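Participant: Each chain, letter by letter, is given below.
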Amino acid sequence: MPHPGAPALAALRSAIYRIGKDGSAQALTVPPARAALGLAGLDQTLDGGLKRGGFHALRPVKPGEEPAATGFALACALRLAAERPLLWVRQAMAEREYGLPYGPGLMGFGLDPARLVTIEAADARAVLKAAEEALHCRALGAVLIEPWGMPKAVDLVALRRLALAAEASGVSALFLRSGGPDLADPGATRWAIAAHTSAGAFGPGLPAFRVTLERGGRAGPQEWMMEWCCERRVFRPAPSGARLPLSRDGQAETVTPLRRVG
Amino acid sequence: MVVARQGGGVVLVAGDEHAHALGLMPGMTLATARALHPALHVHEADPDADRALLHKLADAAERYTPLVGVAGEDTLLLDITGAAHLYGGEEGLLADARQRIAARGFHVRAAIAGNPVTARAVALFGTGGNIAPGCDAEAVQSLPVAALGLDAARRASLERLGLKRIGDCTARARAPLAERFGKDFIDRLDAITGRIETPISPRRGLPACIAERRFAEPIGHEEDIRRSLLTLAADLKRILEKRGEGARALELTFFRADGATRIIHVETGRPLRDPQTLLRLFREKLDGLADPLDPGFGFDAIRLSARRVETFAEAMTSLDASEDFEAEIATLIDRLAARFGARRVQRLASTDTHSPERASRLVPAQSVGALALDFSAFAPVETEAPPTRPIRLIEPAERIEVLAEVPDGPPIRFRWRRVLHAVIRADGPERIAPEWWRTPEGTATRDYYRVEDENGRRFWLYRDGLYDRETGTPRWFLHGLFA
Chain A
18 MPHPGAPALA ALRSAIYRIG KDGSAQALTV PPARAALGLA GLDQTLDGGL
68 KRGGFHALRP VKPGEEPAAT GFALACALRL AAERPLLWVR QAMAEREYGL
118 PYGPGLMGFG LDPARLVTIE AADARAVLKA AEEALHCRAL GAVLIEPWGM
168 PKAVDLVALR RLALAAEASG VSALFLRSGG PDLADPGATR WAIAAHTSAG
218 AFGPGLPAFR VTLERGGRAG PQEWMMEWCC ERRVFRPAPS GARLPLSRDG
268 QAETVTPLRR VG
Chain B
6 MVVARQGGGV VLVAGDEHAH ALGLMPGMTL ATARALHPAL HVHEADPDAD
56 RALLHKLADA AERYTPLVGV AGEDTLLLDI TGAAHLYGGE EGLLADARQR
106 IAARGFHVRA AIAGNPVTAR AVALFGTGGN IAPGCDAEAV QSLPVAALGL
156 DAARRASLER LGLKRIGDCT ARARAPLAER FGKDFIDRLD AITGRIETPI
206 SPRRGLPACI AERRFAEPIG HEEDIRRSLL TLAADLKRIL EKRGEGARAL
256 ELTFFRADGA TRIIHVETGR PLRDPQTLLR LFREKLDGLA DPLDPGFGFD
306 AIRLSARRVE TFAEAMTSLD ASEDFEAEIA TLIDRLAARF GARRVQRLAS
356 TDTHSPERAS RLVPAQSVGA LALDFSAFAP VETEAPPTRP IRLIEPAERI
406 EVLAEVPDGP PIRFRWRRVL HAVIRADGPE RIAPEWWRTP EGTATRDYYR
456 VEDENGRRFW LYRDGLYDRE TGTPRWFLHG LFA
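Chains as they are written, first to last, in our numbering: chain A, 18 to 279; chain B, 6 to 488.
So here's chain A without its partners, still in its complex pose (with noise of 0.2 Å):
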């Protein structure tokens, strides 16, 4: 006759053996309420990192960089959600504009496809709707919002809602809006992106942004340089002072100046 605890002992088990096989033991610990993004100083600033369960608002410096501030947003996320999923909510009208998430690239960046599930909303409505659904969800590691413009639906109780969500769950909450107007969001920091030259040698190097943190810092607004090092998942400093490129035959070239066109 077998044990009575002979179930339990065997769930015990194929939680351990999971454990050891892939490291997964980070999903049964609970991650500690501040995520370091690698920058001393940064993490300094921010009282050790990004708040877990905190609404953090991000935007792109101007037109142009939205592509880099989509980065950076992953990037957080990643940092954010430990080993946990992560979902993304879009809006139908950005991909017409900025393309669809691109598996290969993510996977590239250091997101796992097979970590995201994404929603492509009809409108910005259905995006609030859709994220503080999500934000209620504790087995998420943080949520993505990326509504297009500053529809009227994005306002300061809409905004409000999705940072209680995230308070209440733990589930970090990232929103990321390009344009509209300034909203005195009720964010835990707020962040202005922009691309920033790679350090390559040859070609672009590794994904590299310049970044204000406009408030949540202790130190008041400052802007930093760093670059993503997709492999380890993690930020440092961007290389100072940009290194020109080199030609194919080693030898340093020289960037002429263009005209300004359009």
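Quick caveat, the hints were computed from the structure, so don't treat them as lab data.
A couple of the hints might just be wrong.
[What the hints assert, rightly or not] Here are the computed distance ranges between Cβ atoms for each label pair: (1) A:PRO80 <-> B:ARG10: 51 to 57 Å; (2) A:VAL174 <-> B:GLU78: 49 to 55 Å; (3) B:GLU435 <-> A:LYS79: 42 to 48 Å.
[Claimed, not checked] Covered by chain B, per the in silico footprint, the following chain A stretches (three or more residues, Cβ under 8 Å): (4) 121–134; (5) 204–217.
[Claimed, not checked] Some chain A residues well away from chain B (every beta-carbon gap over 12 Å; in silico): (6) ALA57; (7) ASP60; (8) GLY65; (9) ALA109; (10) ARG177; (11) ARG227; (12) ALA236.
The structure presented is a predicted model; accordingly, all values stated were derived computationally and were not measured.
Beta carbons: idealized from backbone N, C-alpha and C, even for Gly.
Please arrange chain B on chain A, whose structure you already have, making use of the hints.
Facilitator: Frame of chain A; chain B shown alone:
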């Protein structure tokens, strides 16, 4: 009058009671009718709308049985086996159906018989009513031969022989009739008299199992509806438990007392049967309806059917938190799919192909297996290696103007969406040849470049066609955006 173009002219196809009273009959040309009654109101026939209306009525007829078939342009066939007791017998069901359809302004002919062909013939060509079991053959004797649905030529020659009624035909020897009018004539005769079984082909597949509630007093209050949904879900759970199954696709049908019917579908990502979970899915769906559920004067029946079921894996009470997480994510996906549509809740599926635009697809999250999500081939190989693919793909790729070294140098500057970008770093070419077995002839080889402009923005560009070999002046495209 309703008219339609038939053959060379415009012909009347249907009319209301006034038209019939004036002697205007279907088949008459519009010209003749106009000559008789110049003040005629004429509408063009709309067969699509007619069909849609018939299907609406078929939805409403599902209150009697889930097995409803549509025949021709104007007939519904219902398999009421085992369903009549709810209406105090077949007579009661027939009366109820007649009254409900007539109440919506239709002219109804209805009959119940041992098989659908007999019932249809009795309803359309006879007096309708309930044919007692075993009396199918008898009931059709006096019907005109037109009830057999033969072509005009054969009908005419039957009548020339003096065979005006079904009874005239069944009285004759079968062999000569078969010889003269064909084997299918005998088949039709056998079908109408019930000698051979004719199954009803239902509009929709039968659900795997059903739970149903009928209300003597129609219900309309949200709380009443919620409570009856909960009992329905509990009923369904008991049935599913007995079968060791869970539902993957469900349907909730609201039958309004006035005959209007509303069907709500929900799909799930894994077999489910927990009443609260099912209820939440339907809640999401109902809350998200563009055209909300309108109880009118109340629903007098609600049915919950599991349309697709799968074996239900008993959840082990496990110590493994990550398994609970998986279940929670699956529940979230189901709820979002119910609310926003299954198509909109997506995951990225991989395809083993060289073609960049086919390598990754957004697919409904509920339908995707774990294997399809494997992008490990693109994982970062070492710490300093930059990503080789963009995080967003612009599909179709956009045409750009490029200044590049000939024959195959990297771009020096390019213009995309009217903005000029000066390239300060470029890596390439990465040559991607078309998959000749899949692409149309003439598709060119692509040379891809990763480039960075003076502002640090990174792009994925390609030159379409090898310089001078495949094309004279190569065209350039922007295919993706890096972070």
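Participant: If a hint holds in the structure, say so; if it doesn't, say that too.
Facilitator: Okay, the hints, checked on the actual structure:
Checked against the given bound of 51 to 57 Å, the beta carbons of PRO80 (chain A) and ARG10 (chain B), roughly 56 Å apart, stay inside it. For the pair VAL174 (chain A) and GLU78 (chain B), the beta carbons lie near 53 Å from each other, so the given range of 49 to 55 Å is met. The given range of 42 to 48 Å is broken by GLU435 (chain B) and LYS79 (chain A), whose C-beta atoms sit roughly 31 Å from each other. Only residues whose C-beta sits within less than 8 Å of a C-beta in chain B count toward coverage, and the region 121–134 of chain A has 12 of them, enough to reach three; the restraint holds.
Under a criterion of three residues with beta carbons nearer than 8 Å to beta carbons of chain B, the stated coverage of the region 204–217 of chain A is upheld, 6 such residues being counted. The beta carbon of ALA57 (chain A) sits about 19 Å from the closest Cβ of chain B, which is more than 12 Å, so the claim that it is off the interface holds. Non-interface status of ASP60 (chain A) relative to chain B is upheld: no Cβ of that chain comes within 12 Å, the nearest being about 20 Å off. Distance check for GLY65 (chain A) against chain B: the nearest CB is about 24 Å away, which clears 12 Å, and the non-interface claim stands.
Against the 12 Å criterion, ALA109 (chain A) falls within the reach of chain B, whose nearest CB is about 8 Å from its own CB. The claim that ARG177 (chain A) lies off the interface holds: its Cβ sits roughly 21 Å from the closest Cβ of chain B, which is beyond the 12 Å cut-off. Non-interface status of ARG227 (chain A) relative to chain B is broken: a Cβ of that chain comes within 12 Å, the nearest being about 7 Å off. Non-interface call for ALA236 (chain A) relative to chain B: holds, since the shortest CB-CB distance, roughly 25 Å, exceeds 12 Å.
Consistency with the previously given hints fails for numbers 3, 9 and 11, ordered from lowest to highest.
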